[in-house]
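Take the sequences, apply the hints, and build the full model.
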Amino acid sequence: MLKSNSQTVKKFRFQTDRGTGVNARIGLMVLQTDQTLEAEMAQFTAIGGVALYHARLHNDEIVTPESLTKMEIELPGAAELLAPSLNLSSIGYGCTSGSTMIGEKRVAQILEQVHPGVPSSNPLTAAKAAFSALKVGSIGLLTPYTPDVTRAMQRNFADSGFEIPLVGSFYEDNDLNVGKISEESILDAAISIGKNPQCAGVFISCTSLRSARVIEKAEVAIGKPVTASNHALAWHLLRLAGIKSQLEGYGTLLSEC
33 MLKSNSQTVK KFRFQTDRGT GVNARIGLMV LQTDQTLEAE MAQFTAIGGV ALYHARLHND
93 EIVTPESLTK MEIELPGAAE LLAPSLNLSS IGYGCTSGST MIGEKRVAQI LEQVHPGVPS
153 SNPLTAAKAA FSALKVGSIG LLTPYTPDVT RAMQRNFADS GFEIPLVGSF YEDNDLNVGK
213 ISEESILDAA ISIGKNPQCA GVFISCTSLR SARVIEKAEV AIGKPVTASN HALAWHLLRL
273 AGIKSQLEGY GTLLSEC
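Numbering of the sequence shown is given in our numbering, commencing with residue 33 and proceeding in unit increments.
Keep in mind the hints are simulated off the structure, nothing from the lab. One or more of the hints may lead you astray.
Dumping the calculated SDA-like pairs for lysine to any residue here, alpha-carbon to alpha-carbon at most 25 angstroms [stated by the list, open to error]:
| hint | residue 1 | residue 2 |
| --- | --- | --- |
| 1 | Lys43 | Ala87 |
| 2 | Lys212 | Lys249 |
| 3 | Lys102 | Gly135 |
| 4 | Lys256 | Ser214 |
| 5 | Lys212 | Lys137 |
| 6 | Lys137 | Ala87 |
| 7 | Lys167 | Glu288 |
Label pairs and their in silico Cβ distance ranges [stated by the list, open to error]:
| hint | residue 1 | residue 2 | range |
| --- | --- | --- | --- |
| 8 | Ala184 | Lys43 | 58 to 64 angstroms |
| 9 | Thr48 | Pro197 | 52 to 58 angstroms |
| 10 | Asp191 | Lys167 | 17 to 23 angstroms |
| 11 | Gln67 | Arg138 | 22 to 28 angstroms |
| 12 | Pro229 | Ala184 | 22 to 28 angstroms |
| 13 | Glu93 | Pro229 | 37 to 43 angstroms |
| 14 | Gln278 | Ala253 | 33 to 39 angstroms |
| 15 | Ser192 | Ala78 | 26 to 32 angstroms |
| 16 | Ala184 | Ser217 | 22 to 28 angstroms |
| 17 | Gln145 | Asn209 | 30 to 36 angstroms |
| 18 | Gln141 | Arg187 | 17 to 23 angstroms |
| 19 | Lys167 | Glu112 | 20 to 26 angstroms |
Since the structure is predicted, the reported quantities are computational estimates derived from the model, not experimental observations. Note that the Cβ used here is the ideal one computed from N, Cα and C, for glycine as well.
Written as structure tokens, this is what we have:
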């Protein structure tokens, strides 16, 4: 056996630099069952000097108004897992339906309590900001949710001054199944909704739906702006963090706004 005093460990001097995220550090709270958000956010924020930091929070696999509402008690603990010493530039709660049921203002209030002064967003707030930037007031809404959750989101948009002339859903309440809905199915549904002449744009709701490779294809097919939960959230968190860089290949919002 090696004796404790038979070998020394050479000590090296080192220097420090600014580390990762020299331009922006973005915090993100991800649902325990989400299979999509982290990968798509990494794509949408692939900008030099931007770093993402994730924390997972408990949620029920089955999505109901009740299970979404009770997620409020998980938010402070998840936010605390993102250390204040990271000096975050912005922070996001990654659940569109949860933001609908808990309330956007309440979500923002909780995040402000844990990370004072750090601008925050969620996919619902981000989508509204995105459509305002795109100058789109009439939105076709696509969700995976059951009708009770979908209607609550529809009312929320309407209460914020947006017209929602057409709504479609996959009627799936299991978040693990939502993450497996094919991109082709999402694309076909988004195009079907977007072709309605009353819709000036399309919102694909739910951070579990794989939309990164769907958005630009849908825009080409319908000739109208399209955004999605992860897409809008990434854009909003970047802009809140002061990052104005634009990305090609992911639709109008990231390339022009």
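Against the structure, the hints:
1. Lys43 x Ala87: violated, 34 angstroms
2. Lys212 x Lys249: holds, 19 angstroms
3. Lys102 x Gly135: Holds, because 12 angstroms separates the two Cα atoms, which is no more than 25 angstroms.
4. Lys256 x Ser214: Given pair lysine 256, serine 214 holds - Cα atoms ~22 angstroms apart, limit 25 angstroms.
5. Lys212 x Lys137: Answer violated: lysine 212 to lysine 137 is near 31 angstroms, above 25 angstroms.
6. Lys137 x Ala87: OK: lysine 137 and alanine 87 at ~21 angstroms, within 25 angstroms.
7. Lys167 x Glu288: Status holds; Cα separation ~12 angstroms.
8. Ala184 x Lys43: 58 to 64 angstroms: About 60 angstroms separates the Cβ atoms of alanine 184 and lysine 43, which means 58 to 64 angstroms holds.
9. Thr48 x Pro197: 52 to 58 angstroms: Holds, at about 55 angstroms.
10. Asp191 x Lys167: 17 to 23 angstroms: Since aspartate 191 and lysine 167 have Cβ atoms about 20 angstroms apart, the given range 17 to 23 angstroms holds.
11. Gln67 x Arg138: 22 to 28 angstroms: 26 angstroms Cβ-Cβ, so the 22 to 28 angstroms window holds.
12. Pro229 x Ala184: 22 to 28 angstroms: Cβ of proline 229 to Cβ of alanine 184: about 26 angstroms, so the range 22 to 28 angstroms holds.
13. Glu93 x Pro229: 37 to 43 angstroms: At roughly 38 angstroms between Cβ atoms, proline 229 and glutamate 93 fall inside 37 to 43 angstroms, so the hint holds.
14. Gln278 x Ala253: 33 to 39 angstroms: Cβ of glutamine 278 to Cβ of alanine 253: about 22 angstroms, so the range 33 to 39 angstroms is violated.
15. Ser192 x Ala78: 26 to 32 angstroms: holds, 30 angstroms
16. Ala184 x Ser217: 22 to 28 angstroms: For serine 217 against alanine 184, whose Cβ atoms are near 23 angstroms apart, the range 22 to 28 angstroms holds.
17. Gln145 x Asn209: 30 to 36 angstroms: holds, 34 angstroms
18. Gln141 x Arg187: 17 to 23 angstroms: Roughly 21 angstroms apart at Cβ, these two residues keep to the hinted range, so it holds.
19. Lys167 x Glu112: 20 to 26 angstroms: Between lysine 167 and glutamate 112, where Cβ atoms are some 38 angstroms apart, the hint is violated.
When each numbered hint is compared with the structure, violations occur for hints 1, 5, 14 and 19.
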